[in-house]
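*Asks:* Use the sequences and the hints to build the structure in full.
Heads up: the protein sequence lines correspond to chains E and P, in order. Sequential numbering from 0 applies to the first sequence in numbering that gives the first Met the number 0. Sequential numbering from 0 applies to the second sequence in numbering that gives the first Met the number 0.
These are calculated hints, taken from the structure and not from any lab test. A quick note: this is a predicted structure, and the numbers were derived from the prediction, not measured. For each residue, glycine too, the CB sits at the ideal point set by N, CA and C. Certain hints may be false.
[What the hints assert, rightly or not] Derived Cβ-Cβ restraints for the label pairs, each shown as a range:
1) E:Leu170 with P:Asn7: 36 to 42 Å
2) P:Ala15 with E:Arg105: 18 to 24 Å
3) P:Gln191 with E:Leu104: 34 to 40 Å
4) E:Leu171 with P:Pro165: 55 to 61 Å
5) P:Glu173 with E:Leu170: 39 to 45 Å
6) E:Trp10 with P:Gln110: 49 to 55 Å
[To be verified] Output of the computed footprint for chain E on chain P, the stretches with three or more beta carbons under 8 Å from beta carbons of chain E:
7) 63-73
8) 86-95
[To be verified] With a cut-off of at most 20 Å between alpha-carbon atoms, the simulated DMTMM-like pairs for lysine to aspartate or glutamate come out as follows:
9) P:Lys183 with P:Asp6
10) P:Lys53 with P:Glu210
11) P:Lys198 with P:Glu4
12) P:Lys183 with P:Glu170
13) P:Lys53 with P:Asp6
14) P:Lys198 with P:Asp218
15) E:Lys173 with P:Asp218
16) P:Lys75 with E:Glu188
17) E:Lys199 with P:Asp72
18) E:Lys295 with P:Glu210
19) P:Lys75 with P:Glu61
20) P:Lys53 with P:Asp72
21) E:Lys295 with P:Glu170
22) P:Lys75 with E:Glu293
23) E:Lys173 with P:Glu126
24) E:Lys173 with P:Glu109
25) P:Lys53 with E:Glu188
26) P:Lys63 with P:Glu83
27) P:Lys53 with E:Glu187
28) P:Lys63 with P:Asp95
29) E:Lys173 with P:Asp6
30) P:Lys183 with P:Glu113
Spelled out from the first residue to the last, the chains are:
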Amino acid sequence: MNIRWYHLALWTAFIVGMFFLPQLVSKGTLRTIIFANYLAIFAISWDVLSGRTGYVSFGHPFLIGLGAYTTAILTKRFDVPVEISIPAAVLVTMVGGSLLFLPALRVRGSYFALVTLAFMELMYQLVQVIRPDLTGGTRGMSGIQTLTRGAVNGYYLSFGLIASLGFGMWLLMKTRLGTALSAIGMNEEAVRGSGLNTTKLKLAAFMLSAFVAGLGGAFYVHYLGSIAPRALFDINFVFTIIVAAILGGASTIIGPIFGAFFLTFLLEYLRPYLPGAERYFIYGGIALVLYMFEPKGLHHVLQMALSAIKGKSRS
Amino acid sequence: MSFLEFDNLSAFYGKAQALRDISFSVEQGEIVAIIGANGAGKSTLLDSIMGLTKTTGDIRLEGKSLAGLSTADIVKSGVGYAPERFNLFPFMSVRDNLMVGAFTARDDIEQNLEAIHRLFPRLEERENQETSTQSGGERQMVSLGRALMTSPRVLLVDEPTIGLAPKLCDEIAEVLARMNRELKMTIVITEQNANFAMKLASRLYVLESGEMRISGTVDELRDDPRLMEAYFGH
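*Replies:* What follows is the structure, encoded as structure tokens:
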């Protein structure tokens with residue numbers, strides 16, 4: 000796709016619109032958007048690894064949790080300033096990413112997915128057993144330093160994060176690296192046969208994914224001010240991330256962002272009608288139908304609709 | 000010293016031996032065909048050159064051993080590989096498929112693309128088309144093109160005619176012959192279709208159950224009863 004002037008114009012309008020958004024909507028809506036922004040970051044992190052290379056991670060909360068716990072423990076227990084604790088959290092998450100990478104050297108497909116699930120469960124058990132005085136054990140931690148006060152500032156911070164991460168990833172995925180990672184997802188053997196070092200490429204994908212997950216996890220915990228292991232290391236959370244990426248359009252950047260917003264608002268608007276876990280049936284159903292009929296996701300549906308409109312206006 | 004030499008090459012899948020003590024050579028600038036039935040070990044032989052199987056024995060390109068090198072290093076030392084046509088990246092454009100081949104190249108990308116577009120004008124016309132929507136013949140061209148993007152000195156092509164209509168087989172044969180003539184490319188193909196192999200290659204090797212049974216120039220083998228019986232009987 001070539002970049003045209005109207006792409007730039009649209010994006011500029013979008014960013015200006017997002018800038019003035021807090022004046023237009025309620026605090027409650029802003030908080031929903033903030034959650035969507037963080038979900039979008041997690042979905043991008045999942046997608047750069049699993050959406051592209053086909054190494055499906057069911058254990059992404061393992062990475063997110065490493066980032067969140069590292070900075071939470073450092074700031075709360077050791078009074079480390081966030082300027083140091085957040086980079087440290089990202090580093091620790093990347094080390095965790097290389098642990099997650101080890102099984103990918105030997106297994107793929109559903110076996111790899113199961114191994115990652117085990118990583119998440121292991122992490123859940125470990126934070127409860129090992130040094131609960133540091134991790135807060137089952138109850139988690141609260142009173143963690145927050146970076147911003149109020150919904151408006153939290154919104155600007157989260158929007159700045161997703162905008163810069165999204166743009167950075169988009170640029171990176173435009174390069175041959177992005178093409179090669181997607182190629183691995185389609186046919187790893189053929190990528191090897193073309194003389195590419197798939198081990199290095201996969202490691203790059205894991206590191207990128209861990210970088211984004213660590214950053215997202217760390218900022219998210221400093222937004223919430225608390226950490227609850229039951230909610231974090233939860234299979235529902237995993238599915239929300241995966242469905243956001245796939246629903247929006249895997250192997251793209253805008254897709255996971257789009258999916259995260261769609262899901263978050265869908266769940267939010269369904270809340271008055273279906274207060275319980277039934278809501279998850281609805282999104283599961285939508286994800287299933289979409290995945291059967293348009294595996295490229297909502298983003299692709301919109302694109303086709305757009306080009307259909309453009310085609311008509313031209314003729 | 001030959002251009003490409005195989006010295007007692009054996010290949011294994013776990014404990015099963017797929018190739019047994021294969022020795023042969025390929026001279027610079029020639030087209031050699033390995034023919035054999037399904038399961039004879041043709042693809043295994045090419046995979047072994049690429050370092051994709053477990054092997055013993057030696058393979059040398061211009062005297063330099065390829066044994067123990069990673070696939071990436073084997074490609075860098077000048078071996079290009081076009082696996083069967085199903086080994087493309089289906090949901091990528093023609094151009095992106097080619098660019099995967101160019102991942103390791105730094106300087107020759109434009110030059111290689113030009114050469115590929117001269118050989119296959121259709122790939123330039125359809126460079127934004129997804130390969131999943133292309134015909135078998137076009138996919139074979141993309142596969143050959145992707146192998147050429149790695150700037151090879153010897154090109155390995157696995158069953159270029161598999162599943163193709165006779166007319167397309169002729170087209171592929173023509174293109175391979177032009178690569179050989181115009182780019183001075185050394186080419187090793189595997190084939191079940193002995194007729195196709197004879198039209199194209201100067202020398203034939205026949206694989207049966209992982210062993211090299213018959214070898215010779217096309218002229219020597221044209222009337223060989225063993226070959227006639229095995230590959231023209233049906």
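*Asks:* Give a verdict on every hint.
*Replies:* Each hint tested on the structure:
1. E:Leu170 with P:Asn7: 36 to 42 Å: violated, 50 Å
2. P:Ala15 with E:Arg105: 18 to 24 Å: With a Cβ separation near 20 Å, Ala15 (chain P) and Arg105 (chain E) satisfy 18 to 24 Å, so the hint holds.
3. P:Gln191 with E:Leu104: 34 to 40 Å: Because 35 Å falls inside the window, the suggested range holds.
4. E:Leu171 with P:Pro165: 55 to 61 Å: violated, 46 Å
5. P:Glu173 with E:Leu170: 39 to 45 Å: Holds - the Cβ-Cβ distance for Glu173 (chain P) and Leu170 (chain E), about 42 Å, lies within 39 to 45 Å.
6. E:Trp10 with P:Gln110: 49 to 55 Å: Distance hint for Trp10 (chain E), Gln110 (chain P) is violated at roughly 36 Å.
7. 63-73: Held - the segment 63-73 of chain P has 4 residues with a Cβ nearer than 8 Å to chain E, which meets the minimum of three.
8. 86-95: holds (count 7)
9. P:Lys183 with P:Asp6: violated, 25 Å
10. P:Lys53 with P:Glu210: holds, 17 Å
11. P:Lys198 with P:Glu4: At roughly 24 Å apart (the allowed maximum being 20 Å), Glu4 (chain P) and Lys198 (chain P) break the hint.
12. P:Lys183 with P:Glu170: holds, 19 Å
13. P:Lys53 with P:Asp6: holds, 15 Å
14. P:Lys198 with P:Asp218: Holds. Lys198 (chain P) to Asp218 (chain P) sits at ~11 Å (cutoff 20 Å).
15. E:Lys173 with P:Asp218: Not OK: Lys173 (chain E) and Asp218 (chain P) at ~52 Å, beyond 20 Å, violated.
16. P:Lys75 with E:Glu188: Within the cut-off at roughly 17 Å; holds.
17. E:Lys199 with P:Asp72: Holds, at roughly 13 Å.
18. E:Lys295 with P:Glu210: Between Lys295 (chain E) and Glu210 (chain P) the Cα gap is close to 46 Å, so the pair fails against 20 Å, i.e. violated.
19. P:Lys75 with P:Glu61: Between Lys75 (chain P) and Glu61 (chain P) the Cα gap is close to 14 Å, so the pair holds against 20 Å.
20. P:Lys53 with P:Asp72: Roughly 16 Å separates the two Cα atoms, so the pair holds.
21. E:Lys295 with P:Glu170: Roughly 34 Å between the alpha carbons, so the hint for Lys295 (chain E) and Glu170 (chain P) is violated.
22. P:Lys75 with E:Glu293: violated, 39 Å
23. E:Lys173 with P:Glu126: Given pair Lys173 (chain E), Glu126 (chain P) holds - Cα atoms ~17 Å apart, limit 20 Å.
24. E:Lys173 with P:Glu109: holds, 18 Å
25. P:Lys53 with E:Glu188: With Cα atoms ~15 Å apart, Lys53 (chain P) and Glu188 (chain E) stay inside 20 Å; holds.
26. P:Lys63 with P:Glu83: Cα-Cα ~27 Å, so violated.
27. P:Lys53 with E:Glu187: holds, 18 Å
28. P:Lys63 with P:Asp95: Measuring from Cα to Cα gives roughly 32 Å; hence the hint is violated.
29. E:Lys173 with P:Asp6: violated, 44 Å
30. P:Lys183 with P:Glu113: It holds: about 16 Å lies between the C-alpha atoms, which stays within 20 Å.
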